[in-house]
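*Asks:* Sequence:
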Amino acid sequence: MSDAALNPGNMESLFGVVFMGLTKRRVISLSFAGR
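For the sequence shown, the positions run 11 to 45 when this note's numbering is used.
Be careful, since some hints might not be right.
To be verified - Subject to a maximum C-alpha distance of 20 Å in a straight line, what follows is the list of computed SDA-like cross-link-like pairs (lysine to any residue):
hint	residue 1	residue 2
1	K34	G44
2	K34	S23
3	K34	E22
4	K34	R45
5	K34	L24
It is worth saying that the hints were derived from the structure and are not from the lab. Since the structure is predicted, the reported quantities are computational estimates derived from the model, not experimental observations.
Working from the sequences, and respecting the hints, build out all of it.
*Replies:* Listed below in structure tokens is the structure:
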């Protein structure tokens, strides 16, 4: 587990997943506000 956490590639993919999640949430909130 610690090895995976220290792996730059894994951290980058994790950041990508989090970033995508935040972007998707923002798009959903914006679409709801637009109605």
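*Asks:* Does each hint fit the structure? Answer for all of them.
*Replies:* Hint by hint, here is what the structure shows:
no.: 1; hint: K34 / G44; verdict: 15 Å, holds
no.: 2; hint: K34 / S23; verdict: 16 Å, holds
no.: 3; hint: K34 / E22; verdict: 18 Å, holds
no.: 4; hint: K34 / R45; verdict: 17 Å, holds
no.: 5; hint: K34 / L24; verdict: 15 Å, holds
Checked against the numbered hints given earlier, this structure breaks none of them.
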